[in-house]
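2 protein chains.
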Amino acid sequence: MEIYEYLIKAIQDTGTRHVFGIQGDYVLNFYNQLCRSKLKVINTCDEQGAGFAADAYARLTGFGVVCVTYGVGGLKLANTTAQAFAELSPVLVISGAPGVSERKGNPLLHHKVRSFKTQLNVFREMTSAQAVLDNPDKAASEIDRVIRAIHETKRPGYIELPRDMVHAEAGLPHAYKEELPSKDKVSFDEPLNRILAKMVSAKRPMIIAGVEIHRFNMQLCLLKFLKRCGFPFVTGILGKSVVSENHPQFVGVYAGAMSPDDIRQAVENSDCVISIGDMITDLSTGIFTQCIKPENSIIIMPDNISVEGSDYRGIDMKEFLKAVTAALPGPERPMQPIGRHILKPFIPKKGRRITMDRLIECLNTFLSDDTTVIAEPGDPLFGSLDLRVHASKEFISCGYYASLGFAVPAAIGVQFALPNRRPLALVGDGSFQMTGMELSVAARYKLSPIVIVLNNGGYGTFRPVLDGDFNDIQPWRYAEIVDVIGSGKGYTVSKEEEFVSALKAAGKNKSSPTLIEVRIKKCDCSRRLKMLAERLKKRI
Amino acid sequence: MEIYEYLIKAIQDTGTRHVFGIQGDYVLNFYNQLCRSKLKVINTCDEQGAGFAADAYARLTGFGVVCVTYGVGGLKLANTTAQAFAELSPVLVISGAPGVSERKGNPLLHHKVRSFKTQLNVFREMTSAQAVLDNPDKAASEIDRVIRAIHETKRPGYIELPRDMVHAEAGLPHAYKEELPSKDKVSFDEPLNRILAKMVSAKRPMIIAGVEIHRFNMQLCLLKFLKRCGFPFVTGILGKSVVSENHPQFVGVYAGAMSPDDIRQAVENSDCVISIGDMITDLSTGIFTQCIKPENSIIIMPDNISVEGSDYRGIDMKEFLKAVTAALPGPERPMQPIGRHILKPFIPKKGRRITMDRLIECLNTFLSDDTTVIAEPGDPLFGSLDLRVHASKEFISCGYYASLGFAVPAAIGVQFALPNRRPLALVGDGSFQMTGMELSVAARYKLSPIVIVLNNGGYGTFRPVLDGDFNDIQPWRYAEIVDVIGSGKGYTVSKEEEFVSALKAAGKNKSSPTLIEVRIKKCDCSRRLKMLAERLKKRI
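Residue numbers (the working numbering), protein chains in the order written: chain A, 14 to 553; chain B, 14 to 553.
Please note: incorrect hints may appear among the correct ones.
[Said to hold, decoys possible] Straight-line C-alpha distance at most 25 Å; calculated PhoX-like pairs for lysine-lysine: (1) K535(A) to K53(B); (2) K117(A) to K306(B); (3) K459(A) to K535(B); (4) K53(A) to K535(B); (5) K535(A) to K459(B).
[Unchecked claim] Residues of chain B clear of chain A, computed beta-carbon distances all greater than 10 Å: (6) P273; (7) F359; (8) R434; (9) G470.
It is worth saying that the hints were derived from the structure and are not from the lab.
Backbone N, C-alpha and C fix where the C-beta goes; we use that ideal spot for every residue, glycine too.
Please model the complete structure; the sequences and the hints are all you need to start from.
Quick look at the structure:
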């Protein structure tokens with residue numbers, strides 16, 4: 014089996030059906046083989062778009078692939094791969110490269126930076142495993158090693174394929190499906206018993222469900238646990254939609270001081286907070302304004318269980334949660350009723366200029382079981398915390414690494430990952446100017462994402478913190494972009510009733526992209542951002 | 014003096030007047046100070062655009078600056094900075110960063126990847142010097158050190174400014190203007206005498222002028238040398254326009270087998286080839302098809318002189334060339350006449366579909382003393398080798414690292430660098446889809462670049478090598494983009510006379526950008542690319 018065949022087979026074995034990328038001469042031959050395989054290759058406008066699309070795809074399917082050329086392709090993925098690393102998105106980066114035989118004597122081949130190792134060194138910083146397939150005998154095992162590391166760590170991996178190795182014979186048999194060596198089992202009787210005791214005596218318990226539940230595929234496990242204990246739960250920003258927000262025990266999204274009072278009190282006044290797979294980051298905690306007493310707190314993370322301040326390491330999170338669920342007596346006593354954020358019906362007020370908060374209220378009535386929301390960092394994300402998402406996997410955002418330019422290419426990735434779902438991207442005008450033209454990919458592949466451009470005349474998220482010309486951008490006629498890319502419907506709205514009718518039309522247009530430019534006031538922002546900006550102001 | 018003041022003053026002392034970038038919360042405070050300073054801050058659509066603009070600016074002025082936020086900003090510059098490194102473009106990258114006090118305990122702050130050193134480690138791979146200004150006492154000397162390294166190496170440098178250091182007092186006095194310690198002088202009598210002997214006896218001498226002449230500011234030095242010796246000269250691809258191509262001794266651009274026969278023979282049949290500051294890369298030599306015998310060859314590079322195969326290291330290129338010029342007896346004997354590529358006048362044939370080669374011929378009649386051509390890698394660059402450029406600094410291209418997406422943002426950088434010049438960008442449709450929307454920056458700042466989109470329905474440069482769907486892209490209505498960005502004139506042409514009139518109109522429109530989409534046939538390409546493709550085919 015030649016190296017390219019082995020690599021393509023290894024990708025197919027992960028269940029992945031799509032590869033995002035742009036070709037280039039160092040990857041041309043392998044790219045050509047990809048295109049002839051059963052994998053569908055999706056060409057984006059810029060490599061950056063391919064990286065973001067693969068990231069979104071990986072978040073939803075468990076594995077994403079991006080394939081580009083050396084240097085000028087690979088290094089354009091530094092930021093998107095860094096984001097996948099930071100947010101545990103399992104993306105495989107494949108880069109073509111100069112042939113092994115061409116590298117002799119260290120010539121100045123085009124796309125080379127400092128040395129032939131520059132790109133590898135860059136990716137060492139942002140991937141969990143790396144391989145340069147310069148030795149055919151080892152190629153198969155190297156491919157296996159990188160893919161295994163991606164599965165285990167849920168972080169990106171990097172494979173560099175010199176162009177003269179594409180057709181070299183891969184030495185070893187396809188070993189990818191081999192059983193992984195099982196980890197030494199660590200006894201967890203002590204933390205288990207302590208947690209059970211704490212749960213049984215809890216008067217105002219609360220569960221925080223985090224993003225790692227999704228990354229480690231523990232949604233069902235969590236649902237069983239919730240059912241068994243009957244406790245109410247919140248999610249963090251990153252964990253939003255880890256299970257359906259229509260779940261009867263769901264209280265809302267908790268983000269420290271960025272949370273509405275009812276949610277904040279429900280969490281912070283709890284005498285038993287069980288946090289499962291929740292990353293504690295500055296944005297997710299309203300700049301570390303979460304206020305949970307360690308003595309009331311149980312933290313369950315992939316490799317560490319912490320009970321009232323004592324740490325137990327090396328315990329598998331999933332096995333542990335299953336054991337807790339099995340050991341629970343069941344919800345025998347009624348829980349204290351928890352105040353739950355109630356969705357108001359949206360009735361547009363005629364002639365009224367739409368605001369961020371009203372737009373979110375309106376969207377809540379539009380979201381259906383098949384909508385997946387992608388929220389760009391900044392106010393699209395903060396505003397979205399008030400969205401009630403229907404099922405799991407229906408909300409994605411880079412709520413920690415927070416790279417602008419994510420939402421539009423991510424919407425492409427989402428629709429390939431879940432062809433029966435409708436992506437709805439919420440994106441600021443500043444972010445849209447970075448990568449919004451990737452909507453062209455939706456036009457090309459006949460996708461139907463709905464892109465809502467929140468036009469507040471620039472980088473609105475920064476205005477409440479520090480304002481100046483540097484927050485302004487060139488005004489575009491966003492709705493006309495569908496004409497430039499040759500497909501889709503475009504709307505420009507500023508009033509509530511206009512937004513409602515554009516949204517209705519978008520819902521019906523299932524054959525091409527829809528772009529709705531919403532002109533909100535320059536000074537308008539969501540209530541959540543107002544809370545956060547007050548905090549940020551004090552730090553900058 | 015506070016650190017931000019010192020840094021701004023140090024930038025101003027380089028003579029730079031503009032900074033390209035996008036703000037973000039980790040850099041917001043410094044960015045605000047930049048905007049209040051005498052430096053003009055240019056906001057691009059995406060950080061990638063800022064990086065390319067600063068690169069082009071640096072190539073023309075000797076110093077460029079790009080300023081962005083941490084992680085999501087900085088890592089988007091990995092590719093543009095790699096290009097600046099590979100092609101010796103002196104760019105200073107300034108990145109905001111989390112405050113020193115915030116980093117304690119290694120919290121998950123947004124935009125962080127693996128550790129707070131990730132971004133620094135990435136930039137170590139593609140800059141000549143790096144500094145994290147986390148110690149106020151050393152900040153001034155660290156700033157000096159990085160800027161000095163940029164000047165000395167002509168390669169990029171990296172400064173990371175933690176946000177709580179912006180207003181810290183910089184400990185040391187402003188030392189940037191201090192004299193550099195002089196290098197030990199190396200005697201160069203031996204290579205000098207050998208070169209003189211060779212030059213005097215040469216029957217068919219030829220000079221190859223390379224890009225480093227420009228980077229090390231040696232144009233005047235070269236002109237004196239040319240005048241004194243009277244030898245004919247060619248340039249490499251990278252060195253194109255290092256001095257005016259109207260110079261009477263100029264023969265053409267030499268690129269191995271990619272050169273027209275007359276130029277190739279003039280170089281390869283020479284008995285004394287003097288190559289000055291020419292980078293020997295695969296693209297610049299038509300994939301290493303240059304054919305110059307070492308025994309006839311003299312190579313003068315920044316840190317090495319090579320005469321007929323013997324190397325002399327540690328000699329300053331500029332001093333050496335001056336010494337050779339001074340020692341020359343002067344052009345006493347008449348040189349053999351050298352065939353020179355003659356420009357044909359362009360007469361459009363009515364109704365005739367325009368081709369790449371004809372387009373270049375037409376452009377030759379349009380170029381004036383105030384046009385600066387920016388050629389995107391690929392066929393725009395290869396075709397441009399037949400352009401006759403008027404003065405020095407009138408042609409720029411990333412002819413070695415060859416990153417697509419360069420030309421449009423570079424045109425922005427060019428017009429800020431040389432406000433009296435008119436940038437003319439030649440860009441493929443594939444490249445345009447990567448970064449073409451940066452034309453918005455031209456609209457915003459009332460610039461007047463002329464952007465010629467060579468629309469051949471995709472990645473035409475690859476078609477002669479290996480064709481497939483992967484070379485196709487979504488067709489855009491490029492000319493309508495000026496409507497989207499709210500300023501400029503757009504034209505779509507496919508016939509020779511249409512191109513001529515669009516070009517004339519563009520020449521007259523000096524108040525806004527002009528975009529001319531030229532629809533050439535899918536299979537059409539320049540004669541130079543045809544030569545190269547034949548070579549590439551054999552390698553892939």
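A quick look at each hint next to the structure:
For the hint pairing K535(A) with K53(B), the CA-to-CA distance comes to about 24 Å; that is within 25 Å, so the pair holds. Between K117(A) and K306(B) the CA atoms are separated by roughly 21 Å; this keeps the pair inside 25 Å, and the hint holds. A threshold of 25 Å between alpha carbons decides the hint, and for K459(A) with K535(B) the separation of about 23 Å falls inside it, so the pair holds. A hinted pair counts as satisfied when its Cα atoms are at most 25 Å apart, and K53(A) with K535(B) qualifies at roughly 24 Å.
Restraint check for K535(A) and K459(B): satisfied, since their Cα atoms lie roughly 23 Å apart, inside the 25 Å limit. Every C-beta of chain A lies more than 10 Å from that of P273(B), the closest at about 22 Å, which supports listing it as non-interface. Even its closest Cβ contact with chain A, about 31 Å, leaves F359(B) beyond 10 Å, as expected for a residue assigned away from the interface. Every CB of chain A lies more than 10 Å from the CB of R434(B), the least distance being 23 Å, so the non-interface label holds.
With a minimum CB-CB distance of about 13 Å to chain A, G470(B) clears the 10 Å threshold, and the non-interface call stands.
Hint check: no violations occur; every hint is consistent with the structure.
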